[in-house]
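Novice: Place chain C on chain D using the hints.
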Amino acid sequence: MTGRLPARTVLLAALMLSALAPLGLLLVASLGRGWFFPALFPPSVTLESWGDAFRGGRMAVALWTSLGLAVCTGLAGAAVGWPVGRALADLRGWPRHLGAAAAFLPVAVPPVALATGLQISALAVGVAGTPGGVFLSHLIPAAGYAALYFLGVFTLFDRRIEDEARTLGARPRTVLWRVTLPMMRREVGQAFLLGFLVSWAQVATTLVIGGGRVRTLPLEVFAYLQAGQDRYAATGALLLVIPALLMLGAVQFAVERAEATPL
Amino acid sequence: MNAPALEIAGLSVPFGDAPGLRDIGFALDPGERLVLLGPSGAGKTTLLRAIAGLAPTAAGQLRIGGRDVTDRPAEARDAVYLHQTPLLFPHLSVFENVAFPLRIRGCLQVEIQAACAELLESVRLEGLADRRPHTLSGGQKHRAALARAMAARPAVLLLDEPLTALDPSLREEVRATLLSLQARYRPALVIATHDLEDAAVLGERIGILLGGTLAQVDRPERLFQRPASLAVALFLGVPNLVSGSVADGEFRSPLGPIPAGPESLGGPATAAFGADALRPDPCGSLRGVVRSVRYGPRGATLRVDVSGLDLDATAGGGAMPETGDELRLGLERDRITILHGTTRDV
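In the order they appear, the protein sequences are chains D and C. By the working numbering, the letter at position 231 of the first sequence is numbered 231, and the numbering carries on one by one without gaps. By the working numbering, the letter at position 171 of the second sequence is numbered 171, and the numbering carries on one by one without gaps.
This is chain D alone, in the form it adopts within the complex:
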């Protein structure tokens, strides 16, 4: 028993280090000026790249574009995934498997293949190279994830509680707004987060459907890396991590707060 505790502590410390060390390295890289191998620390620091991110530079535009797309994708993904997942949960046998496979397909195929397929449709509809087109290309895998998530949720959901609400006099819409949705706000929050993160990390579909005209943060990070601007790339990479973590915390906080407050 005495041998177990230190081993566990060491493992936990290693896990924390593996999670935090890259972030620390990125932070130093985003601030360091003229920092080259084999120097252990940068000779001087600058806030230049951070200034670009917060003073309306290229990175700031990309950041807001990414945030807008991710929030819209999260909301729309949850809104589409809810009814699709519920409908799939109502099915039995092969129609259910077929539906689940259809929802899983955009999630399973490589993003480049998906993007190439979507580009043909986007060109035909005339949304290629627009934020709307990029949003739709993000929505397809996000809705697939959300549908699969809600399939699991509704498979376990006890619908008798909705039946009882209806016999108490609640119309189906009232049941949805006053019973089902409030009961599932944690799941809805998590589905939103799932869609947000799917969009936030998209590169291939943004590049192909956006055609370089819709610049999101991941694309800017790639561009900075290719141009050898490591300080800007590190700043962009950190900006990719921080909002995702903040959104995760915000959704968790909102859900817990809502659960503690009667409607």
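Incorrect hints may have been included.
[Stated by the list, open to error] Negatives, chain C to chain D, calculated, CB over 10 Å:
hint	residue
1	79
2	91
3	239
4	249
5	286
6	309
[What the hints assert, rightly or not] To give a feel for the contact side, a few chain C residues facing chain D, derived at Cβ under 10 Å:
hint	residue
7	26
8	27
9	75
10	88
11	210
To be clear, the hints were calculated from the coordinates, so they are not data collected in a lab. Note that beta-carbon positions come from the ideal geometry of N, C-alpha and C, so glycine has one too.
Specialist: Chain C only, in chain D's frame:
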């Protein structure tokens, strides 16, 4: 004159691909209690769900409070359905659960406060109004669910096996709460159960669901003493079923001739009677040998061999017979029901 709270005529309810329920019919006055009794799978829940508007019907008519609700949705029927396990809304406090039917009807806050306070007091939950359902005990959850159901002021309250999963003390608590709420708010109650004792205690009338139809609807005392068919007698567990035949208005068996009534058809028949119709009597016409003595909460029951028939008899108030004793037994013939057919036919 008030319309019946619930009237059902010729109702058929499909159950998947199976034939389901057919030709169901009964009426309930406001404040009356009907228990639907039947074995598992008889269709009790299906019938309750059909009355509530939660299961489709194939034929027939349903009227609640005089209104035809056959084609109306569940929310417009004035019939509240409660499941076996209380399904309180987990995101709402006890108060808000009880207030739910009032809020969705757009009642004023002051009315909601008054109605909920009265209901919570009547189910002894006034001190737990702010609690969430998951913090309540089993009995408290049942009481809260009943209070919420009563807040809707339904014409009909449908209860699916309300006491089945409860331990004896909780059963009594929930039963008492149910009866006191019903006495106060006067909804008609339809209660599904497979428990004979619950049926006898809760039911002013009992409906037996067998073979997809209502085999008999009667007052408990009449139901247990005068089952309408051999299938009902078997389901109720009538202990003494003696096969014989009817001829010339008389039932003939080893028990001797018994008047079968003018409406009895001739042919194979069965005499059904409870243990309380047969008891030791020094002047009785039957002779028997005691095979065993069983003691229960309502006294002792004798298993006696009468002319090769194993029958249950009530021990009576005299000296307790012992196994192997020879007895004379008296049979109250007016408590015997002669039923068409024999147990082999059922």
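Novice: Check the structure against each numbered hint from earlier and tell me which ones fail, lowest number first.
Specialist: 1, 2, 7, 8, 11
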